[in-house]
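With UniProt numbering, letter number 159 in the sequence shown gets 159, and the count goes up by one each step, no holes.
It should be emphasised that the hints constitute simulated quantities derived from the structure, not laboratory data.
Hints may be right or wrong, so weigh each one.
[Said to hold, decoys possible] Calculated lysine-lysine pairs in the DSSO-like style (CA-CA distance at most 27 Å, straight line):
#, residue 1, residue 2
1, 32, 102
2, 160, 147
3, 70, 33
4, 69, 147
5, 160, 69
6, 69, 45
7, 33, 160
8, 45, 160
9, 16, 102
10, 45, 32
11, 16, 110
12, 32, 110
13, 45, 70
14, 16, 69
15, 16, 70
16, 147, 102
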Amino acid sequence: MLTIIAAAAENNALGKDNDLVWHLPDDFKRFKKLTSGHHIIMGRKTFDSFPQPLPNRTHVVITRSENFKKEGIVVVHSLERAVELCEEDPETFIIGGGEIYKLAMEIADKIELTRVHGSFEADAFFPEIDENEWRLVAEEFHDTDDKHNYSFTYLTYLRKH
C-alpha cells in the first residue's frame, strides 16, 4: 500500500522556507507511530529539512542531482523507481514535499492528512483532494490546548476503485 502522509492547512499550506509553519506535538507522535518500521519516500528538500535521518525508517530520497549521496539513505531519480524499491514493504509512506505529493496523488492508495485549521503563508502546498477519486473513511478532531496553538483534524482517505 502506498500512503501519502501530510499536515496541511485549510489553504493547503505545507510549509515555508523548508520548514513547517506550526508545531503540533500530537501530529508528530502520530507520524512517528504510523511511519516507524516502514520506507518513507521524500524529495531532497524535505530530507534536508531534517536535522538527522528519522530513526527506524528506511529513507528513500528523490533528487535530480546525480551527485547527491548520504550514508544510509537510498537515493533515486524518480518516484516510480522509489516505489519499485519499496515493493516488499506492506505500507510505504510518501512524506513530501509539495511536488512529490502532486506526483504521488496519481498512484497512492491512501491519504493520511492532518488538516490544520487555519490559513498560513507558505511556499509549498498540498494538492487538492479530488472527491471523485478519494473517499473519506475516518475523521478525528483535536482542539487547541496548552501544547497545540491550532486545532486540527486527522482525515483518512482511500482511493475509490
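Structure-based check of all given hints:
Between residue 32 and residue 102, the direct Cα distance comes to roughly 22 Å. Compliance with the 27 Å bound is thereby established for this hinted pair. At roughly 36 Å between alpha-carbon atoms, residue 160 and residue 147 are farther apart than 27 Å, so this suggested pair is violated. A C-alpha spacing of about 25 Å is found between residue 70 and residue 33, which places the hinted pair at or below 27 Å, so the restraint holds. Between the alpha carbons of residue 69 and residue 147 the distance comes to roughly 37 Å, so the proposed pair goes past 27 Å and is violated.
Between residue 160 and residue 69 the CA atoms are separated by roughly 38 Å; this puts the pair beyond 27 Å, and the hint is violated. In summary, the hint linking residue 69 to residue 45 is supported, as the alpha carbons are separated by about 14 Å, within the 27 Å threshold. About 26 Å separates the Cα atoms of residue 33 and residue 160, which keeps this hinted pair within 27 Å; it holds. Our distance criterion of 27 Å between C-alpha atoms is broken by residue 45 and residue 160, whose separation comes to about 31 Å.
Of the pairs offered as hints, the one joining residue 16 and residue 102 holds, with about 17 Å between alpha carbons and a cut-off of 27 Å not exceeded. Straight-line distance between C-alpha atoms of residue 45 and residue 32 comes to about 19 Å, which keeps the hinted pair within the 27 Å bound. Distance hint between residue 16 and residue 110 is fulfilled; the C-alpha atoms sit about 25 Å from each other, no more than 27 Å. In summary, the hint linking residue 32 to residue 110 is supported, as the alpha carbons are separated by about 17 Å, within the 27 Å threshold.
Restraint check for residue 45 and residue 70: satisfied, since their Cα atoms lie roughly 14 Å apart, inside the 27 Å limit. Straight-line distance between C-alpha atoms of residue 16 and residue 69 comes to about 25 Å, which keeps the hinted pair within the 27 Å bound. For the hint linking residue 16 to residue 70, the alpha-carbon distance of about 24 Å falls within 27 Å, and the restraint holds. Among the hinted pairs, residue 147 with residue 102 is inconsistent with the structure: their alpha-carbon atoms are about 31 Å apart, more than 27 Å.
Going down the numbered hints, you'll see the structure goes against 2, 4, 5, 8 and 16, while the others check out.
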